[in-house]
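> Each chain is listed here by its residues.
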Amino acid sequence: MRAEARPLPSVAGTWVVMRRELRALLQDRRSLSMMVIFGIVFPIILAVGATGPKNGVGYVVGIMTEVLLFPYIAGLQAALTAFVGEREHGTLGPLLATPLSNVSIFAGKLLGAAYIPSFAASGIGLGIFLAVIGTTNPGPVREIGGGAMAQLIAIAIVAGFAMIVLGLLVGSKAKSVRGAQGVSTVVVLPVIVGVQVLASSVTHRGPAFSAAILGGLFAAIVLGLVFSARIWNREEALVSLG
Amino acid sequence: MIRLDGLTRTFGSTRAVDGVTLDVPDGSIVALLGPNGAGKTTTVRMASGLIGITTGRAWIDDVDVGAEPARARARAGLLMGEANLYEGMTLAGYLSFFSEAYGMTPRAALARANVLARELGLADRLNDKIGAFSKGMRQRVALARALVHDPPALFLDEPTSGLDVEAAIEFRGRIKDFRHERRSIVLCTHILTEAEELADQVVVIQRGAIVAQGTPAELKRSARGERFRVVLAKPLAAYAKVFDGLAVAEVESNNGAISFRTQDPAQANPEIVRRLVAAKADVLALEELDRSLEDAYLDIVKGARGEG
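Protein sequences appear in the order of chains D and R.
Numbering of the first sequence is given in the numbering used here, commencing with residue 95 and proceeding in unit increments.
Numbering of the second sequence is given in the numbering used here, commencing with residue 9 and proceeding in unit increments.
The hints are simulated quantities; they were obtained by calculation from the structure and are not laboratory data.
The C-beta atom is built at its ideal place from N, Cα and C for all residues, glycine as well.
Some hints here could point you the wrong way.
Chain D is faced by these chain R residues, among others (derived, beta-carbon under 10 Å) [to be verified]:
(1) F19
(2) R81
(3) L93
(4) P160
Dumping the calculated DSBU-like pairs for lysine-lysine here, alpha-carbon to alpha-carbon at most 30 Å [what the hints assert, rightly or not]:
(5) D:K269 - R:K137
(6) R:K143 - D:K269
(7) R:K310 - R:K228
(8) R:K249 - R:K288
(9) R:K288 - R:K242
Construct all of the structure, not just a fragment, from the sequences and the given hints.
Right, dumping it as structure tokens:
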């Protein structure tokens, strides 16, 4: 009598898929180099560029949101590779044949390929940026203050998460990663410009304004997740595999 | 044991699979044959719990596939055409990942990867990246992936397509081994000699429905009857008269060899020989013509299309 394989609970399944995606990302030179550029090189360059005495609060806020947000562009590219790329190369089929739930596969890929690496790169980038500018031009950072700084960081991070899931949603019908990357720019550019514009108002409009922005972004994430999960369920993905 | 009972699947207004019913007992191989787009892959996907069933039911052992698709997938091993492997992973990492996806602990998964690699002759490549493997090795890796959870049911969709002759023979040998391991196997193939060699039962699907089913030998004896040839010492000009009133068809004469088809050889053949002797023809031989599964298959699909 054979021992029966048991389907994993969704959280355990998500953990298995997420670990594989993280390993795959670390082995993918292109994705890894984008994370390093956005998470380390880019913040250093921007921080050094923002050290001039005439660069005030508005300038530093704008640069800081870019530092926080740009790693999520790399995250979106990694997400498109993990979803559209796997469909393009046929490797999604064997994964769908396992007893892993749709939720495990979707969440594991999204977390492992995109959210966790982007969040980590964004955090490292912010740390480097603040360390450099804190020693060379600390005035604007002090002027922004802890509360507004926290709001800015929260908005940029949540906007990054929203950008990834919305980019994945609009790119999901593309046949290739390259096509999906092209289509997803319709999400990337408005999010970056929008966050820049909104962030400049956060410092003088207060927490209620930030809460409203965050509410809108959370709603966008939930909608994006719901619709993406519908597209990337087993049945739809297999039909699109042919 | 795989059981399908009236399995039907529609996509919009298209009926991709229409009432497929079949049993695959433990230790047996059923070959699904049919033209591209006939519904073989959709049948396999439904039977293994990958996609939903519109109507009908399927079981893998005691697991109701429609009610518990995840449990069904845990009891099914799938090899769908191309190997489709993660090129950047090592063999050990790849097999461990899929073992974990089937619920094993990382330690057990690594142990299982080692066992499978040894069984499939890949033990010395465990730490190599899959991207460097040959086509035959990749297909073995895909097979190992399908076996990581030791499934009682195997669904093999064109497993030898694209393999060289030697690799295909080796692969077919492994499929025979699975029969001895008491697995139930559904084999989709376009290679009819492969179906003939491996399958206990052959099922022909056309436009989503089963149009013929039986052992390879049964299918070769098609509904249109077996084909025979009578060899004469010299051609007989009035040969057609010999067959008058008999239940024979497709009578053709070629240089003293007359071939015909009959559904009732026990009745027709002695009478044909008697009439030939009466017509002063010297009968050298009466033989049954070998009919390949390919001939039978073509008859069946053309018949189902109304071309027969």
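> Next step is simple, just say for each hint if it's right about the structure.
Outcome of the hint check:
For F19 (chain R), the interface hint holds, since its Cβ comes within 10 Å of a Cβ in chain D; the closest pair sits about 7 Å apart. At a threshold of 10 Å, the smallest CB-CB gap from R81 (chain R) to chain D is about 4 Å, leaving the interface hint in force. At about 7 Å, the closest approach between the beta carbon of L93 (chain R) and any beta carbon in chain D falls short of 10 Å, and the interface hint on this residue holds. Against a cut-off of 10 Å between C-beta atoms, the interface hint on P160 (chain R) holds, since the closest Cβ of chain D lies about 6 Å away.
Between K269 (chain D) and K137 (chain R), the direct Cα distance comes to roughly 27 Å. Compliance with the 30 Å bound is thereby established for this hinted pair. Restraint check for K143 (chain R) and K269 (chain D): satisfied, since their Cα atoms lie roughly 25 Å apart, inside the 30 Å limit. At roughly 15 Å between alpha-carbon atoms, K310 (chain R) and K228 (chain R) fall within 30 Å of each other, so this suggested pair holds. A hinted pair counts as satisfied when its Cα atoms are at most 30 Å apart, and K249 (chain R) with K288 (chain R) qualifies at roughly 13 Å.
The straight-line distance between the Cα atoms of K288 (chain R) and K242 (chain R) is roughly 11 Å, inside the 30 Å bound, and the hint therefore holds.
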